[in-house]
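Protein sequence lines correspond, in order, to chains A and B. Residues 1 to 167 in the numbering used here are what the first sequence lists, from first letter to last. Residues 168 to 586 in the numbering used here are what the second sequence lists, from first letter to last.
Hints were generated in silico from the structure; no laboratory data involved. The beta-carbon is built from N, C-alpha and C at its ideal position, and this holds for glycine as well. Be aware that a few hints might be false.
Claimed, not checked - The calculated DSS-like cross-link candidates involving lysine-lysine, where the alpha carbons are at most 30 Å apart (straight line), are: (1) B:553 - A:85; (2) A:159 - B:256; (3) B:553 - A:9; (4) B:488 - B:540; (5) A:6 - B:553; (6) B:455 - B:238; (7) B:489 - B:455; (8) B:238 - A:111; (9) B:211 - A:51; (10) A:159 - B:323; (11) B:486 - B:540; (12) A:51 - B:553; (13) B:540 - A:9; (14) B:238 - B:540.
Said to hold, decoys possible - Chain A side only, calculated, beta carbon under 8 Å to chain B, not exhaustive: (15) 97; (16) 113; (17) 154.
What follows is the residue order along each chain.
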Amino acid sequence: MIVTGKAHKVGDHIDTDAIIPARYLVTTDTAELGSHFMEGISADWNARVSKNDVLVAGENFGCGSSREHAPLAVLGAGIPVVVAKSFARIFYRNGFNMGLTLLEVGEGADKLRDGDQLEVDTESGIIRNLTTGESVRCAPVPSSMQDLVDAGGLVAYVKRRLTTGGH
Amino acid sequence: MSHTVAEKILQAHTSDDASQPGRIVRCRVDLVLANDITAPLAIKSFRAMGARDVFDRDRVALVCDHFTPNKDIESAEQVRAVREFALEKKITHYFEGGDVGVEHALLPELGLVGPGDVVIGADSHTCTYGGLGAFATGMGSTDIAAAMALGETWFKVPPTIRVEMSGTLAPFVGGKDLILKVIGGIGVSGALYKALEFGGPLTSELSVEARMTMANMAIEAGGKAGLFPVDEKTLAYCRAAGRLGDTALDADPGATYERVLRIDATGMEPQVACPHLPDNVRPVGELKGLRLDQAVIGSCTNGRISDLREAAAVLKGRKVKKNLRCVVLPATPNIWRQALREGLIETFMEAGCIVGPATCGPCLGGHMGILAKGERAVATTNRNFKGRMGSLESEVYLSNPSVAAASAVAGEIIHPAAL
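Please construct the entire structure, taking both the sequences and the accompanying hints into account.
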């Protein structure tokens, strides 16, 4: 997948309460959750995001709760890819399970600035910064995760196993 | 070969090779858990997967504890969806009424989790059961749905950080302070993707409840699991919960650790995590004079009977500061009854506390103690993220139950000995 969009930068340890505050956990609707994306940082944060933009985060993005509403809120806001120095473990699993691609770039994230135009190739792990002309490379999505994405996410994967696996 | 506690438990649940960190293994699970926030999504995924039945109706627990008793129509609809699913699939362990408690206090008390188990829950504090020697970890709803259908899940075998604890604990210092010290030391991403294994001479001194408090907050350092050895204390706790056949468990001598962290508790003060991350930890003495609007005593971290006893011992014969709300939420109906029998509830009410039902409530800013703009709370809960308990412009300080109780009396953060 190649995603071209504007970078929206956030810092280290952005927690799941920041991504989607607990008061919105009374729904599982992706669009509704997306409309409250990052309200735990500020009420107007979401207004600047356009479809196919890229979130660029620091360390430990998505720390805290196991709420799957968090990756759903990212997707609901129109963001298909998050690039971070590192991800919290539960969020990393949840992201792929929900069909949200996550790229761990380490310190390379520092070369991406807020507002830069990016072209993210999730298969090769190359992030081209169209604003500065620089590129950032990271490990491509691990094959175990890629299998999940290729199957169409965890729901589709299990569905296939249940119909062929005799469960 | 020598193995860590995490490696041993995972290996006992898989036919894959779990002998080294980094291996991906497919494991059978002993219990799968979800709550009223995460179960509705799990059920949606479960149905979308085309699954008919859960893998074992006795090995799925659905605990409606977050927004219950239902705070509004939407939360009531969520619980209704979970209830209907539980009835349809004949789930044995479904809780929403007078039998419901905060999940991570409730399931150990009922003997549903224990030594050597692999437990996964759609709740990040599922790691609490590591206090009983289980490999227990939080996941998202869709992973939980898959496990409800298949009875298994995959794990990457984590590297382990050993926390070697020694020394003696001063009065008013306990498990909460030890884990805050660890998190303050390694940071909120210090154990990212890793297991924390607790051990050392101080371990046997810690009650099983204190161990659960510590394992509970492994996730606040980014940990996948927090694990304690299983000793005679654990086995006694499990027998009292009606479990039979549990056996001792510990890491092998010579097991390989990524890192060993040494904590000497001697001379340690109670610890407090300041806004807005659990690793912003300082000794209580440094925070003297910080005015408070609310104190919360409860949650899956510190809502057990030993926590209530500690808080009541401080509050006995004293009064909560005028205009400060002190909310006490015993974590399960059994803890509530025990507190009633011991006179703790009366102590709380005499002191002017608000004693509420067994619910997660204010811990996640759900209900029953939401903070207004500019307000400040001390809480025995596990997270103090910005806006966690209400307004984005409020503040939460995390402490042990004695410090929270003393601070409720003083109206400011204070060492209980200084009251």
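- Item | Pairwise hint evaluation, residue 111 (chain A) against residue 238 (chain B), where the allowed Cα distance is 30 Å at most | violated (45 Å)
- Item | Pairwise hint evaluation, residue 540 (chain B) against residue 486 (chain B), where the allowed Cα distance is 30 Å at most | Given pair residue 486 (chain B), residue 540 (chain B) holds - Cα atoms ~26 Å apart, limit 30 Å.
- Task: For the pair supplied as a hint, residue 455 (chain B) and residue 238 (chain B), confirm whether the alpha-carbon distance does not exceed 30 Å.
- Result: violated (35 Å)
- Message: Tell me if the straight-line CA distance from residue 51 (chain A) to residue 553 (chain B) falls inside 30 Å.
- Response: This hinted pair holds, its Cα atoms lying about 27 Å apart.
- Item | Status of the residue 97 (chain A) interface restraint (C-beta, 8 Å, chain B) | holds (4 Å)
- Message: For residue 238 (chain B) and residue 540 (chain B), compute the direct alpha-carbon distance and say whether it is at most 30 Å.
- Response: holds (21 Å)
- Query: Keeping to a limit of 30 Å between CA atoms, is the pair of residue 553 (chain B) and residue 85 (chain A) held or broken?
  - Reply: holds (21 Å)
- Sort out whether residue 256 (chain B) lies within 30 Å of residue 159 (chain A), counting only the CA atoms. holds (18 Å)
- Query: Holds or violated: residue 553 (chain B) with residue 9 (chain A), Cα cutoff 30 Å?
  - Reply: holds (18 Å)
- Is the Cα-Cα distance between residue 159 (chain A) and residue 323 (chain B) 30 Å or less? holds (23 Å)
- Message: Need the status of pair residue 6 (chain A), residue 553 (chain B): alpha-carbon distance at most 30 Å?
- Response: holds (26 Å)
- Message: Quick check on residue 113 (chain A) please, does its C-beta sit within 8 Å of some C-beta on chain B?
- Response: violated (23 Å)
Hint compliance for this structure: hints 6, 8 and 16 are broken, all remaining hints hold.
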